[in-house]
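**Q** Just so you know, the protein sequences line up as chains A and B, in that order.
Going by our numbering, the first sequence opens with residue 1, and the numbers climb by one from there.
Going by our numbering, the second sequence opens with residue 1, and the numbers climb by one from there.
None of these hints come from the bench; they were simulated from the model.
Everything hinted at is true.
Derived pair list, reagent style DSS-like, types lysine-lysine, alpha-carbon separation capped at 27 Å:
#	chain 1	residue 1	chain 2	residue 2
1	A	K134	B	K262
2	B	K36	A	K45
3	B	K262	B	K36
4	A	K115	A	K134
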Amino acid sequence: MKTRFYHLNYGNKAFFLALDVALAVIVAVGLLVIANYYVGSSENKLAELQMIRTGSDIITVLDNKGVLDSLDEETIKDELSSLLPPYYNIRIQLYGAFSSETIIIETESELAEGKFIGSGKRFFRANGENGIVKYQIWSK
Amino acid sequence: MVKMKKGLLFSFTLIFLALVILSLAILMFHNSLSTKERLSELGSFDVVYDLDSSLQKSLREIFLEEADIIVNVSNSSVAFEENLPNNESSFAGEMGSFKNFVEADDEHVWLDISDVLEELPLSVMPHNITYKHLSFGGDTIRIAPKEINFNALSIFARIEGNVTSCDFDTESGGLSLNVEIVGDYGTSCSNSMLVNPYEDSDIEINQNQFTIYIDDGIFDIISNKSTARVITKILFNATKNVNVGYPDALVHIDFSELKIAKRSHVRIK
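Only chain A is shown next, with the shape it has when bound in the complex (with noise of 0.2 Å):
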């Protein structure tokens, strides 16, 4: 007389091999579960090449205007306000031969922890003295 486990009345065959299936299931949702949070994770990639491309946009739109040329924070500030989407902060440097300072014009003073930060840089001439601006920029 064959024992029956668990006193079931279809037979363990058929219970085990729907376990056994169970097990694949909740195996294959885990895996979609994983591939879908690199999806997210890809959204993200995006968004942060998107705030690259802003900063360097900013960047090159303030050079090419001749803003950058006036080494001055207030000209630079307002016309940063004009061209910077209102998600973000900005933190722009200028250095170089046109002085033995560091221009910093920035939103917030301090950078976000925690947080992706995109940045880049330029080389530019103002004054006839060779310079760099840097950028750093991170949402909200």
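Starting from the known structure of chain A, arrange chain B on it as the hints suggest.
**A** Frame of chain A, contents of chain B only:
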């Protein structure tokens, strides 16, 4: 037995569905990895583009501010105006200073300016005509077209002192050459002629104070012993996208760790 078969069918169907979901999950995972790599590459390209475009802009500004050469471009002509000899010390100093400044700040960038400092060559494209100096700061301007694909060459010069003699010893041909020399007190001479650019032709003003030599398709303008203000104009059929720039790649950017490298020419006008 029938119930057993139903159970088996149910289980196998569930297995099949699970395999399909698993396959989709793996596909999405690989796709997302690939997307992340592409986006990272795009970010790197943006960094290189920023560096390259800003370097080209700065090099262009140095030329316009310091070289003391006026370049005018239209769709049917290009004109260069400068003193001969040119005072090149300011231009050379600024180019050298900029090169040192950039390369000290960024190890991925190298500016190849040796030819520019030696001859200050400018290339007229798409005609591929080189306008250069035999030693920038020296007394010779050389116009070296790859082929005679232009209609006329016009040379105007204001020289020191009076114009006392003009000798035009040219070989007749199909290229239009207009020469006008102006001196002090309204003295001048001019001539419009058709020359063969491949045969030896000499134009001498004031016993070699100012000369134009033509041979083998090359035109040399020389100001001996004194300074002249020279305007050289090259005329051709109406052409799209006429531009003037340095002929060789000046800007070298190399991010070997990202496997990205870029070489750029600098366009002046």
